[in-house]
Every structure is written in structure tokens, then in C-alpha cells.
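**Student:** If you're matching them up, the sequences are chains A and B in order.
Residue 317 is where the first sequence ends in our numbering, and the numbering goes up by one at each step.
Residue 327 is where the second sequence ends in our numbering, and the numbering goes up by one at each step.
FYI, nobody ran anything at the bench for these hints, they're computed from the structure.
If you're wondering where the values come from, they're calculated on a predicted model, not measured in any experiment.
There's no promise every hint is true.
To be verified - Partial pick of chain B residues on the chain A-facing surface, computed with a CB cut under 8 Å: (1) Pro37; (2) Ala43; (3) Leu58; (4) Asp188; (5) Asp189; (6) Glu213.
What the hints assert, rightly or not - To spell it out: a stretch of chain A is covered by chain B in this simulated footprint if at least three of its residues, at any positions, have a beta carbon under 8 Å from a beta carbon of chain B; those stretches are: (7) 60-74; (8) 233-244; (9) 273-282.
Even for Gly, the Cβ is constructed at its ideal location relative to N, Cα and C.
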Amino acid sequence: MAFTSSGNLSSAEMSTRDAIGAVNRAKRIDKIFAVGGILVMVIAMGLLFALIGDLVVRGLGRIDYDFLTSFPSRRAERAGILSAWVGSILVMLTTAFLAIPVGVAAGLYLEEYARKGWLSNIIEINVSNLAGVPSIIYGLLALGLFVYGLDLGKTILVAGMTLGLLILPIVIVSTREAVRAIPRVIKEGAYGLGADQWQVMWHYIIPAARPGILTGAIVGLSRAIGETAPIITIGALTFIAFLPPAPVSGDFPFINFDWLTDGFTVLPIQMFNWISRPQADFHVNAAATGVVLMALTLSLNGIAIWIRYRLRREHHN
Amino acid sequence: MTTYRSILTVSILSATLAVAAAAREVISIDGSSTVFPISEAFAEEFQIETRTRVTVGLSGTGGGFKKFCRGETDFTGASRPIRKGELEECRENGVEFIELPIAMDALANVVHPDNDWAQCMTVDELRRMWEPEAQGTITNWNQIRDTFPDAPLRLFGAGVDSGTYDYYTFALTGVEHYSRGDFTATEDDNVTVQGVSSDRNAFGFLGLAYLDENRSRLRAVTIRQEDGSCVGPSVETARDGSYQPLSRPLFMYVNASALDRPAVQAYADYMMDPENGVFLVEEVGYVPLPEEAFEMGRAKIKARKTGSYFDGGSEVGVMIEDLLAIE
Numbered sequence: 001m002a003f004t005s006s007g008n009l010s011s012a013e014m015s016t017r018d019a020i021g022a023v024n025r026a027k028r029i030d031k032i033f034a035v036g037g038i039l040v041m042v043i044a045m046g047l048l049f050a051l052i053g054d055l056v057v058r059g060l061g062r063i064d065y066d067f068l069t070s071f072p073s074r075r076a077e078r079a080g081i082l083s084a085w086v087g088s089i090l091v092m093l094t095t096a097f098l099a100i101p102v103g104v105a106a107g108l109y110l111e112e113y114a115r116k117g118w119l120s121n122i123i124e125i126n127v128s129n130l131a132g133v134p135s136i137i138y139g140l141l142a143l144g145l146f147v148y149g150l151d152l153g154k155t156i157l158v159a160g161m162t163l164g165l166l167i168l169p170i171v172i173v174s175t176r177e178a179v180r181a182i183p184r185v186i187k188e189g190a191y192g193l194g195a196d197q198w199q200v201m202w203h204y205i206i207p208a209a210r211p212g213i214l215t216g217a218i219v220g221l222s223r224a225i226g227e228t229a230p231i232i233t234i235g236a237l238t239f240i241a242f243l244p245p246a247p248v249s250g251d252f253p254f255i256n257f258d259w260l261t262d263g264f265t266v267l268p269i270q271m272f273n274w275i276s277r278p279q280a281d282f283h284v285n286a287a288a289t290g291v292v293l294m295a296l297t298l299s300l301n302g303i304a305i306w307i308r309y310r311l312r313r314e315h316h317n
Numbered sequence: 001m002t003t004y005r006s007i008l009t010v011s012i013l014s015a016t017l018a019v020a021a022a023a024r025e026v027i028s029i030d031g032s033s034t035v036f037p038i039s040e041a042f043a044e045e046f047q048i049e050t051r052t053r054v055t056v057g058l059s060g061t062g063g064g065f066k067k068f069c070r071g072e073t074d075f076t077g078a079s080r081p082i083r084k085g086e087l088e089e090c091r092e093n094g095v096e097f098i099e100l101p102i103a104m105d106a107l108a109n110v111v112h113p114d115n116d117w118a119q120c121m122t123v124d125e126l127r128r129m130w131e132p133e134a135q136g137t138i139t140n141w142n143q144i145r146d147t148f149p150d151a152p153l154r155l156f157g158a159g160v161d162s163g164t165y166d167y168y169t170f171a172l173t174g175v176e177h178y179s180r181g182d183f184t185a186t187e188d189d190n191v192t193v194q195g196v197s198s199d200r201n202a203f204g205f206l207g208l209a210y211l212d213e214n215r216s217r218l219r220a221v222t223i224r225q226e227d228g229s230c231v232g233p234s235v236e237t238a239r240d241g242s243y244q245p246l247s248r249p250l251f252m253y254v255n256a257s258a259l260d261r262p263a264v265q266a267y268a269d270y271m272m273d274p275e276n277g278v279f280l281v282e283e284v285g286y287v288p289l290p291e292e293a294f295e296m297g298r299a300k301i302k303a304r305k306t307g308s309y310f311d312g313g314s315e316v317g318v319m320i321e322d323l324l325a326i327e
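Please work from the sequences and hints to get the whole structure.
**Tutor:** Below you can see the structure in the form of C-alpha cells.
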């Protein structure tokens, strides 16, 4: 002890000091990372809110009952978005009716029934890949196949089919994720009680996976509602001042599907048309249309959150 | 509950299968985005007056002709005359058409309001600015004229799919769709307005309506005419034909066999009625044709006079009188 000079630290002391240094360094890096992360988030959110704020400030004042219930017009102050929002909602309905059943069935099959092998691997890779294909490609496919190949015309049905294809991968992937997240014990317990595969599927897997499946479906739909490129490609109209026949009527058979074969326009197209007009009043209309579109998307997401919350609670009870 | 659901499902499915393409009379119009405001105005008024359904698409002049020559649309708007290839396509599909001039438009060359040098330019200078050989080499204002300052030249213009681009390049270089590629091309003239109004050294071209809405942010460059005078773009100079070579007629093409449908015939008559035509065209910011032009159009429709006067290409310096002389 007495022989130890002050310049020569013992190895134990050295390693303690090293360790403290390393911890301090790690803490510093941690802090830098956190600050950097917050900065990036603030910038991103700031930009987003600036954009939304700008849109709302310019457009909100234009939204009134007349704007929502009038057809487009050459006079900006008389123009409205009735045909556009009705078109958007009808197209979304068609999309949901086509994509969700097929997507969920495909997801369940791939996850629960399909034998794992090279074929299912290829399908899996392709489904994931399809989720990244640019939407215009779906539009071109639909133009060639649905509009000209099958001669279905430029109708709401074709738009729904196109956007349905577009969101199919999202629905499939989210269904599979939801099924995969179900604890094994639920399935094994059911099998243990003598349930067959269909019973397990119907009574246990689907109810447990429902929140995840619905979330995926609605995320897909909120992507589809803002799509412009594929809809323009298949030949959606820009000026249309009449509504498709109502889907519900007082006479037998009460529901009709004539609207599926009608021409249509959607909110993003109406917005796109107005933003490129020379008159500033039309730009205000475009901003107002943007606010409505955003409100629709937000409420879709809101519904998703609400359904998920409700179903989770139901499931746990 | 379950049975109710399955009944509902079955009825939905069967109803889907029984979708009948009920024949609802619809007049379909498509074509140029430049002509769109005019088509929209006619469609809106006609629909209010007659309750006939009219739809207008926005495929651009080229895209519009594609659909039109397949027989998918009844009318198509065009900011240039039909091309040879398009004529050919129409002929192959047996689509005959009547060509109706519907309004005049002018293309404006615009600069930043602070730009005090580019006042009156010659067509030759404009051509040197835009021809394909200028790509990468003509990048400074002083290369256009010695007295211009040493400042970088930044160009904005209509997207290469538009009839506006086709006409502009044709008027300057003599060949449609022929220009340098290194400029900011946009399908939305408001982008050109933005670009030019925020850059002192910018130069761009756009439709007259966009200039008129932004006179405080843009200044129009006048063009030296053959008689030495400098003429700027305006409704008056487009109407009297003194603004050359960038005044151009806009067209509406009608499918001749569609005219056999009473609704289409009624719409064509409505369009060619000067009482509607003059004020609707003016209201949306274009230059209306004189009454004689409407009369001529009506006569053309009545006689089912098909084909294009322009023989598959644009023509520079077409004045209203020329359109009237077309028989």
C-alpha cells in the first residue's frame, strides 16, 4: 500500500473509472439521440401542422351547407362538392365490400390452412411486395383489364375493384399479423376440448383477431380514399352534376345496385381540378375540399380506434 | 340473427349479379384542360336548362382524342387541331367528326415584375430561348440579347403532354412538340405563376386566363410583330389577331354519328348559339368568337361536314377571319 505511487493506479481503480466513463458516454449519446429524436419529431409535426393549418385557415370558412350540397360550377362561389363526396363514399363502400372479405379470407387461409412450403413462401413474398407497388400501376392494370378487357366501363364498380386490389395486400398482411398475435393457448385449449379447425377458426381465432383485422382494413381504406392517380387512370370524370341512383329505395327490392355502373368523381379529383384553375376563389374551394377529405379520413381512423376499443373490451370480458 | 344475415348476404349477391346497365342518356365530353372551363360552363348551363345529363372529363387534348377516336366520348375539347396520327386512329375506328372552333386563347410570355430588361422580344429570340439546341447552352439572359444582363435564365412552361406545349413549340420552332427539355414543365399553370413570380430571372409561358388573374405578380413580355410594333397578350389583341404568333383557336370536336341522338344534337346547337356561347366563354376568361363563327358552326353541324380543316397539324397565325373562311 505504502509503495503504491500516486501516478500508478491499481487495475481495480482503472476499471471502475473506465466503467464510469463508459456509462457517462452512453448517457451522453442517449441524451443526444433523444434530443435529435425530439428535434426531428418537432420538425415533422411542425411541417404537418403548418400544412394542415394552412389548409384549414384557407378552406374552413368556405365549408357550409351549400358547399356540401351543391354540384360543381364554373362560378367558384356557387360550386360545391356534392357529387365528389357522394362518389368518394360510394367508391369506398364498394372497395370495402370487395377487399375486406377477400383479404381476410386470404389472410386466414395463408396463416391457418396453407401448408408451409415454397409455394406459400412465394405467395407471402409477393403479397408483401404488392403492398409497395405504386398505385398508378394498379390504375393501369385496371384500365387494361377491367375497363377494356372485361368492358366494365369507367364506373364506380371498377373504381372500387381497383382500390380494392390496391388495399388487398394491406388487409391480408394485417389479418395475418392479427392472427399471429393470438396467444397459442387459446387455440390449443380449443383443440384440446375437441373443436375442429373450422370451429376454432370461427369461435376463437376470428373474434380474437377482429380488432387487428378491422384496424388494417380501415388503414387500407383511409389510404384508398386519398388516391387520385389510379382513379384518374381508369377515367373518372371531373365535372358531373348529378348523383348516381340511390342505393336504397322505397320499392321492392329496396336496395338496388344501379349506382355501381354509373360514372363518378371523387374528392381528390375535384380538389386537383380546382387547384389548377387560374382564379384564386377556386383555390379556396380546393382547400375546403381538402379539409373535408381530411375530416373523412380522420373520422375513418376514429371509427377504427373506437371499434378496436369496443371489441377489445368485449373480448376481455 | 344468423339466418337474417345470410338472407341479406344472398339478396345482396343476387342483386349484384342482376345489375342492369340501365340506359340513362348521358352526354360525355372529355379533352383538353385548357378547354375544360368552357366545357364545364356549357355543361352546367345546358344541364340546368334541359335536365339532360352531361359529364366532362379531363384527359388532356391527346388523351381526349384517344378516347374520342375510340368512340367513347361524344365531344372532345382540344387546344390544337387534331393530328395526323389521331386522324388515322379515328378513321380506323370509323369515327367521323365535325370540327368546331369554340373560342380564341392567347399564350403569354411572362417574367417577374422586377425584370426591367425583357420588354419587347422578337419571335427569333424566343425561338433561340426554347429550341432543342438551346438545351444546356443558352442558360444566361445575355445570350438572348447583348444588352440583357448577365443573369441565369430559368425557364417554366406547360407540361409536354399538353396541347399548350404543342402549340407554343410549334409557333416558335415550326415543329410541334419540339423544344429544349431543361425547363420546369408543369401541367398546372399555377406552378409557372409561382415559379416566375418568385424568381427575378425566370421566364415562362402560360394561358391568358392565368396572366389576367395574376397581373400584379407577373409582367407579360410583348412580341415584336412583322410590322415592327410590340403587342402584348390580351383579350383584345387575341380577338383582332394582332398578337402573333401566340394567339390560337380552341376547338370542340363532335362525333358525327352521335349527333343522331337528339340530346347530343341539342347540346351541339346549344353550344353554337351565340346567345350562350359569347357570354359563357367570356365569363370563364377566354376570347369569344364573333357571331358569324357560331352561325358557321351551326351550318357545319347541319350539313354534317366532317373532317379537319388543318390537315393534321397546327397552323400559326390562324385568325378569327380564317376560321370563318373555312368551308
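**Student:** Next, verify each hint and record whether it holds.
**Tutor:** Hints, verified against the model:
no., hint, result
1, Pro37, "6 Å, holds"
2, Ala43, "6 Å, holds"
3, Leu58, "4 Å, holds"
4, Asp188, "4 Å, holds"
5, Asp189, "7 Å, holds"
6, Glu213, "4 Å, holds"
7, 60-74, "holds (count 4)"
8, 233-244, "holds (count 8)"
9, 273-282, "holds (count 7)"
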